[in-house]
Amino acid sequence: GAGVSQSPSNKVTEKGKDVELRCDPISGHTALYWYRQRLGQGLEFLIYFQGNSAPDKSGLPSDRFSAERTGESVSTLTIQRTQQEDSAVYLCASSLVGLAGWADTQYFGPGTRLTVL
Amino acid sequence: QQQVKQSPQSLIVQKGGISIINCAYENTAFDYFPWYQQFPGKGPALLIAIRPDVSEKKEGRFTISFNKSAKQFSLHIMDSQPGDSATYFCAGYKRDDKIIFGKGTRLHILP
Numbered sequence: 027g028a029g030v031s032q033s034p035s036n037k038v039t040e041k042g043k044d045v046e047l048r049c050d051p052i053s054g055h056t057a058l059y060w061y062r063q064r065l066g067q068g069l070e071f072l073i074y075f076q077g078n079s080a081p082d083k084s085g086l087p088s089d090r091f092s093a094e095r096t097g098e099s100v101s102t103l104t105i106q107r108t109q110q111e112d113s114a115v116y117l118c119a120s121s122l123v124g125l126a127g128w129a130d131t132q133y134f135g136p137g138t139r140l141t142v143l
Numbered sequence: 011q012q013q014v015k016q017s018p019q020s021l022i023v024q025k026g027g028i029s030i031i032n033c034a035y036e037n038t039a040f041d042y043f044p045w046y047q048q049f050p051g052k053g054p055a056l057l058i059a060i061r062p063d064v065s066e067k068k069e070g071r072f073t074i075s076f077n078k079s080a081k082q083f084s085l086h087i088m089d090s091q092p093g094d095s096a097t098y099f100c101a102g103y104k105r106d107d108k109i110i111f112g113k114g115t116r117l118h119i120l121p
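Chains A and B supply the protein sequences, listed in that same order. If you count the first sequence from 1, you need to add 26 to reach the working numbering. If you count the second sequence from 1, you need to add 10 to reach the working numbering.
In short, the hints are calculated from the structure, not lab data. Positions of the beta carbon are idealized from the N, C-alpha and C atoms, including for glycine.
Taking lysine-lysine and the PhoX-like style, the derived pairs with C-alpha atoms no more than 20 Å apart in a straight line are: (1) B/Lys67 x B/Lys81; (2) B/Lys15 x B/Lys81; (3) B/Lys67 x B/Lys78; (4) B/Lys52 x A/Lys37; (5) B/Lys81 x B/Lys104; (6) A/Lys83 x B/Lys104; (7) B/Lys108 x A/Lys83; (8) B/Lys108 x B/Lys15.
Just the calculated beta-carbon pair ranges, DEER-fashion: (9) A/Gly127 x B/Gly27: 35 to 41 Å; (10) B/Lys25 x A/Lys41: 43 to 49 Å; (11) A/Leu143 x B/His118: 29 to 35 Å; (12) B/Asn77 x A/Leu65: 31 to 37 Å; (13) A/Ser88 x B/Asp106: 23 to 29 Å; (14) A/Ser88 x B/Lys25: 43 to 49 Å; (15) A/Val38 x B/Gln91: 34 to 40 Å; (16) A/Leu143 x B/Lys67: 44 to 50 Å; (17) A/Val38 x B/Lys104: 36 to 42 Å; (18) A/Ser33 x B/Lys81: 37 to 43 Å.
Let the hints inform the model, and build the full structure from the sequences given.
Okay, here's the thing in structure tokens:
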């Protein structure tokens, strides 16, 4: 079946511009996560959605970052006034029940590679 | 503290050898410990996982060893193959709270 998809796969933008990254989770998955992965680094948690509410936004690095989710469907991560340090791969993952489950498996998309010039 | 500390940062192993990646955690409330495997240009994918009431779990060439008293767990890859070359992430998962990933280990298997 279809996995998690993300678009665009690559995005090059100029410093100061706004960008929107999209994530389409696996159908039926109630939970959705956003992570940032800088080159050669680990997974930096950004935000977690359960349905369309975000019980954990603790990882958003600044108020330039925001995310929303429509029902239990698509999510958009928006970065305003991009900076060069925002350059990274942004990964989205979805899971069936989220953190309410005992052993919830996250299914990751291929990521969006963001380059800020 | 809720960190999961992973080592080594990178690892080179000869084909056929054993690859060992270690993780240590601080939060005794974690109730599930998954390992994810990430190939270049792809998102991570669940490889194997263990609960803290089990000391070892084996799936094919992959084994997790878990030491609850030491708050450590490790991934062993037996008969390592070039196709195992990837980045491996351990994680600690606490129900109704969060999942914390280690910083990853880049594994390279020499042909």
